[in-house]
Amino acid sequence: MTATKLNLKRPKGKRSTILTVALLAVTAYFLLPLVWLIIASTKSSADLFSTFGFWFSGDFAFFDNLQQTLTYDNGVFLRWMGNTILYAVAAAGGGALLAALAGYGFAKYRFKGNRAMFMGVLGAVMVPTTALAIPTYLLFSEIGLADTPWAIILPSLVNPFGLFLMRVYAEQAVPDSLLEAARIDGASEARIFFQVTLRLLAPGFATVLLFALVHTWNNYFLPLIMLNDPELYPITVGLARWQGQAAAAGGASGDLVSLVVTGSMLSIIPLVIAFLYLQRYWQSGLVAGAVKQ
Amino acid sequence: MTTTSNAAQAKPVTGRRRPLAGYLFVAPFMLVFAAMFVVPLLYAAYFSLFREQLVGGTIFVGFENYARAFGDAELWSGVARVGMFFLLQVPLMLVAALVFALVLDTGLARLSRVARLGIFVPYAVPGVIATLMWGFLYGPDFGPFAQIADMFGTAAPDFLGPNLMLGSLANIVFWEFTGYNMVILFAALRAVPTELYEAASVDGAGQWRTAWSIKIPSLRPALMVCLIFSIIGAFQLFNEPNLMASLAPTVIDSAYTPNLYAYNLAFVGQEYNYAAAVSFVLGLVILTGSYAFMFVTNRRSRS
Numbered sequence: 001m002t003a004t005k006l007n008l009k010r011p012k013g014k015r016s017t018i019l020t021v022a023l024l025a026v027t028a029y030f031l032l033p034l035v036w037l038i039i040a041s042t043k044s045s046a047d048l049f050s051t052f053g054f055w056f057s058g059d060f061a062f063f064d065n066l067q068q069t070l071t072y073d074n075g076v077f078l079r080w081m082g083n084t085i086l087y088a089v090a091a092a093g094g095g096a097l098l099a100a101l102a103g104y105g106f107a108k109y110r111f112k113g114n115r116a117m118f119m120g121v122l123g124a125v126m127v128p129t130t131a132l133a134i135p136t137y138l139l140f141s142e143i144g145l146a147d148t149p150w151a152i153i154l155p156s157l158v159n160p161f162g163l164f165l166m167r168v169y170a171e172q173a174v175p176d177s178l179l180e181a182a183r184i185d186g187a188s189e190a191r192i193f194f195q196v197t198l199r200l201l202a203p204g205f206a207t208v209l210l211f212a213l214v215h216t217w218n219n220y221f222l223p224l225i226m227l228n229d230p231e232l233y234p235i236t237v238g239l240a241r242w243q244g245q246a247a248a249a250g251g252a253s254g255d256l257v258s259l260v261v262t263g264s265m266l267s268i269i270p271l272v273i274a275f276l277y278l279q280r281y282w283q284s285g286l287v288a289g290a291v292k293q
Numbered sequence: 294m295t296t297t298s299n300a301a302q303a304k305p306v307t308g309r310r311r312p313l314a315g316y317l318f319v320a321p322f323m324l325v326f327a328a329m330f331v332v333p334l335l336y337a338a339y340f341s342l343f344r345e346q347l348v349g350g351t352i353f354v355g356f357e358n359y360a361r362a363f364g365d366a367e368l369w370s371g372v373a374r375v376g377m378f379f380l381l382q383v384p385l386m387l388v389a390a391l392v393f394a395l396v397l398d399t400g401l402a403r404l405s406r407v408a409r410l411g412i413f414v415p416y417a418v419p420g421v422i423a424t425l426m427w428g429f430l431y432g433p434d435f436g437p438f439a440q441i442a443d444m445f446g447t448a449a450p451d452f453l454g455p456n457l458m459l460g461s462l463a464n465i466v467f468w469e470f471t472g473y474n475m476v477i478l479f480a481a482l483r484a485v486p487t488e489l490y491e492a493a494s495v496d497g498a499g500q501w502r503t504a505w506s507i508k509i510p511s512l513r514p515a516l517m518v519c520l521i522f523s524i525i526g527a528f529q530l531f532n533e534p535n536l537m538a539s540l541a542p543t544v545i546d547s548a549y550t551p552n553l554y555a556y557n558l559a560f561v562g563q564e565y566n567y568a569a570a571v572s573f574v575l576g577l578v579i580l581t582g583s584y585a586f587m588f589v590t591n592r593r594s595r596s
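So the protein lines, in turn, are chains A and B.
The first sequence lines up with residues 1 to 293 when you count with the working numbering.
The second sequence lines up with residues 294 to 596 when you count with the working numbering.
For the record, the hints were derived by calculation from the structure and aren't laboratory data.
Keep in mind it's a predicted model, so treat the numbers as computed, not measured.
Treat the hints with caution; some may be incorrect.
[What the hints assert, rightly or not] Some chain B residues close to chain A (C-beta under 10 Å, calculated; not the full set): (1) Ala-314; (2) Val-348; (3) Ile-352; (4) Val-354; (5) Pro-419; (6) Gly-428; (7) Trp-468.
[What the hints assert, rightly or not] Which stretches of chain B does chain A cover? Using the computed rule of at least three CB atoms under 8 Å from a CB of chain A, they are: (8) 317-331; (9) 408-415.
Backbone N, C-alpha and C define an ideal beta-carbon position, used for all residues, glycine too.
The task is simple: from the sequences and hints, build the whole structure.
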């Protein structure tokens with residue numbers, strides 16, 4: 001487990017002011033669009049077009065925008081948010097569990113086809129998203145699963161990167177001697193997994209969970225293809241739809257633009273918080289993955 | 294990548310010979326993988342061999358769709374465009390990510406924790422929202438760049454015009470993924486054994502020398518992973534141009550990138566059979582590109 005802890009004891013030289021300034025300038029570039037988004041969400045739609053983008057305007061219209069975003073079209077925004085949470089949690093939770101089980105199986109058991117199956121799954125990342133999404137859509141249409149939540153959740157359960165990380169992680173974090181001891185005590189293989197292994201895998205599991213969460217939360221292509229019913233849209237497709245309507249209506253739809261801005265801001269808050277809050281876990285999980293790339 | 298194959302051979306162990314339990318652990322994943330990956334791909338391979346006709350229904354045409362794809366100028370101009378996008382965007386992104394990771398790892402800058410999180414935060418922003426935001430920022434009417442240029446009495450460059458569009462898209466992808474690559478490289482640097490640095494400093498190596506002779510070589514496997522994912526990502530470019538199309542419909546046509554082309558063939562033109570063939574040809578391009586890169590870099594490292 002020592003390798004998985006963040007190595008904080010590094011020889012530290014003299015701090016450099018030039019490097020600090022350069023690094024902060026770089027950071028500013030990465031934060032600039034988000035700053036713009038936060039500022040824009042406080043403006044009325046008239047001010048959005050007429051005042052300078054990187055500074056606040058006189059009117060503080062954030063709560064108006066918030067109220068409009070949440071109630072527009074019978075509160076469809078909240079519905080989209082709920083859908084996104086449902087899809088992301090189901091797909092990421094299920095996918096991480098599948099990856100943990102299989103990663104542990106591939107790392108700690110010897111059986112025929114172990115390596116071939118593992119490499120087969122890893123090779124799958126090369127397949128273009130359209131090559132997979134077109135036949136999946138056609139098959140799901142045949143069996144009536146297209147335009148249902150399952151059309152988003154089921155394909156998102158497959159997580160090759162998660163499998164890779166869990167396998168690497170299980171190799172280092174689960175000592176064979178511990179498994180042997182548990183077996184001598186008469187524990188079944190399933191019990192060993194759920195009572196011993198899963199706890200040891202926790203940081204790796206959190207990493208896979210978080211990255212899978214982001215992947216499903218941010219997914220646009222799959223729901224765009226699979227879903228027709230706006231009630232089932234996740235936030236990404238919903239906001240893109242509003243944006244499309246705003247662009248199609250030209251200047252006549254100023255209000256819709258502030259809805260897109262405010263909705264965008266609201267929808268990134270949960271993930272940013274999750275990443276900041278869980279950073280200790282995912283960073284140590286990534287270090288562990290990096291040891292054995 | 295070399296250690297992966299070593300790890301796969303696994304040390305000889307006693308008591309791990311419980312093949313049945315092993316199969317049961319990997320079974321749920323492999324079943325979902327088979328249903329959601331293998332079956333659809335086989336199905337697509339099958340129906341890419343057919344053609345739908347207005348008269349006479351669906352007929353078997355063998356590799357005719359593939360022959361058409363290989364001679365399809367629209368597809369190859371899209372491939373050339375994402376190839377250019379790759380050459381423009383990926384080296385810049387990976388070099389930036391590498392430099393940021395090395396700077397953060399030295400601990401020579403103040404506030405490096407803030408910088409690390411700030412650079413990484415865009416990864417948590419959905420690509421759709423990143424594109425919407427940058428679309429507003431690029432905008433010629435009320436985008437801040439246009440406003441600043443206006444203050445100085447000039448016009449901002451036309452970020453959404455035909456000349457700059459590819460660069461504007463590259464900037465969005467750079468913004469989204471530099472932090473992600475940086476975090477992977479930073480994690481790999483943290484995993485370098487400290488003894489190596491101690492040995493280097495005993496030998497009198499400075500920061501530059503340590504970075505060049507110890508850190509960058511030990512990042513090779515992580516860089517390879519980042520590179521392969523970037524090749525795949527670049528050639529599959531879809532979300533950003535798909536959304537930009539509503540802001541610049543004349544610049545981004547239905548075949549702007551190969552994935553956009555396959556999508557429009559399938560879901561606008563209802564040409565599922567041909568779209569499947571097109572997406573397989575794109576898969577072949579990605580596979581060839583990735584292997585070519587691995588081959589070239591492996592040979593260079595040996596010589």
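Practice task
Determine which of the earlier numbered hints do not hold for this structure and return their numbers in increasing order.
Solution key: Of the numbered hints, 2, 3 and 4 do not hold.
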